[in-house]
Amino acid sequence: MWPRIADLRTLALGTPGELRTTLNTLVLAGVKTATAGRLAEYAEENEELEQVGERLALVDDDDALAGVVEITGVEVVRFGDVPWEFARAEGEGDRSIEEWRAGHAAYWARLGTPVDNDTPIVCLRLRLVSGGEGGVATGDLGT
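Using this note's numbering, the first residue of the sequence shown is number 167, and each one after it goes up by one.
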């Protein structure tokens, strides 16, 4: 199971270090409004898919709260069918769907979990609800 903060499931983007810092910065700036993951990760971690309206605690390298996001869309598609419009919403600077696919395939291969065109991918849409600990520390998770 994924860790929880204030009863929220956590969202740990990328791998710890420079990548996670960059991705979190993009979310906190409102640039990154989507993220993709392998469907197999959910089974491996005994987790259910996120639901529209669910709030997640965005965490940093130390699993400390970096912000709170709300899920605005959930779709499972084949890796080869992830649309450019979704990839662009990830906000990571890819210039084409081919570039996005190559970068994500290389990332998952480095993790030892290679993907192919038929690999099921969870495409999450999200919006920033609050940045930092303020939203959770006060107990006010709504905006």
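Please note: incorrect hints may appear among the correct ones.
[Claimed, not checked] Now the in silico label distances, taken between C-beta atoms and shown as ranges: (1) Ala272 x Asp173: 32 to 42 Å; (2) Arg293 x Val242: 31 to 41 Å; (3) Gly259 x Asp173: 31 to 41 Å.
Treat the hints as calculated values from the structure; they're not laboratory data.
We put the CB at the ideal spot given by N, CA and C, even for glycine.
Hints, verified against the model:
no.: 1; hint: Ala272 x Asp173: 32 to 42 Å; result: 35 Å, holds
no.: 2; hint: Arg293 x Val242: 31 to 41 Å; result: 20 Å, violated
no.: 3; hint: Gly259 x Asp173: 31 to 41 Å; result: 34 Å, holds
The structure fails to meet hint 2 from the earlier list, while all remaining hints are met.
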